[in-house]
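Novice: Residue numbers (the numbering used here), protein chains in the order written: chain A, 1 to 110; chain B, 1001 to 1116.
Honestly, the hints are just simulated from the structure, not real lab data.
Given the structure is predicted, the values throughout are model-derived calculations rather than measurements.
We put the CB at the ideal spot given by N, CA and C, even for glycine.
Among these hints, one or two may not hold up.
In the DSSO-like style, the derived pairs of lysine-lysine whose C-alpha atoms are separated by at most 30 Å in a straight line are [claimed, not checked]:
hint: 1; chain 1: A; residue 1: Lys-57; chain 2: B; residue 2: Lys-1061
hint: 2; chain 1: B; residue 1: Lys-1071; chain 2: A; residue 2: Lys-9
hint: 3; chain 1: A; residue 1: Lys-9; chain 2: B; residue 2: Lys-1049
hint: 4; chain 1: B; residue 1: Lys-1071; chain 2: B; residue 2: Lys-1058
hint: 5; chain 1: B; residue 1: Lys-1069; chain 2: B; residue 2: Lys-1058
Covered by chain B, according to a simulated footprint, are these stretches of chain A (three or more residues, beta-carbon under 8 Å) [what the hints assert, rightly or not]:
hint: 6; stretch: 74-82
hint: 7; stretch: 91-100
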Amino acid sequence: DSGVTQTPKHLITATGQRVTLRCSPRSGDLSVYWYQQSLDQGLQFLIQYYNGEERAKGNILERFSAQQFPDLHSELNLSSLELGDSALYFCASSVGGEQFFGPGTRLTVL
Amino acid sequence: AQSVSQHNHHVILSEAASLELGCNYSYGGTVNLFWYVQYPGQHLQLLLKYFSGDPLVKGIKGFEAEFIKSKFSFNLRKPSVQWSDTAEYFCAVNAGSGGSNYKLTFGKGTLLTVNP
Chain A
1 DSGVTQTPKH
11 LITATGQRVT
21 LRCSPRSGDL
31 SVYWYQQSLD
41 QGLQFLIQYY
51 NGEERAKGNI
61 LERFSAQQFP
71 DLHSELNLSS
81 LELGDSALYF
91 CASSVGGEQF
101 FGPGTRLTVL
Chain B
1001 AQSVSQHNHH
1011 VILSEAASLE
1021 LGCNYSYGGT
1031 VNLFWYVQYP
1041 GQHLQLLLKY
1051 FSGDPLVKGI
1061 KGFEAEFIKS
1071 KFSFNLRKPS
1081 VQWSDTAEYF
1091 CAVNAGSGGS
1101 NYKLTFGKGT
1111 LLTVNP
């Protein structure tokens, strides 16, 4: 158990819909990272928040957004969902250079 | 930009065979290097990491990796694999002096199948 929690574990929705994925970092970790894992793209960095502020952006679509709240939990919002958004979404929190991964949310878009 | 190459897409071994998975990275500065393992249906678990110091690092479950700076490589090894090592293995890198930004760049992964 890494100490990072993610909800929900599974999410099934339809194209065009909007979903919110939630991540709670390890106690004391200020950084939250979001990653997408898909069969064709592999593991890709999406976005990072540090103490409430966006710190780095990766291959994140404009339809996706994220935020980090004062209690440091983070949410990843995915809208206008397409079939290709089906993937495993991981969050990680870090202290220094090492990241600790949550169990992931498996998103299926039908 | 950072990039990571894992040479083998799928490796099939018999129990007790030795394992070496290749990983090369591309980055001009100081790096931190990682190997993660993902068992079927599970999340990423850290096997080992290299930040600085002894280039031969030992991790969990009998795995080790050697950082060769001149070759930009960080190969994973295990002298004798077990059926329970069947999993996907990812090499990853981040900037060694990222300040508050340590985003990871992953390789495509190597699926290891160990036959009993």
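Novice: Each hint: holds or not?
Specialist: How the hints compare with the structure:
1. A:Lys-57 with B:Lys-1061: Outside the cut-off at roughly 34 Å; violated.
2. B:Lys-1071 with A:Lys-9: Violated: Lys-1071 (chain B) and Lys-9 (chain A) sit about 40 Å apart, past 30 Å.
3. A:Lys-9 with B:Lys-1049: Within the cut-off at roughly 28 Å; holds.
4. B:Lys-1071 with B:Lys-1058: holds, 20 Å
5. B:Lys-1069 with B:Lys-1058: holds, 17 Å
6. 74-82: violated (count 0)
7. 91-100: holds (count 7)
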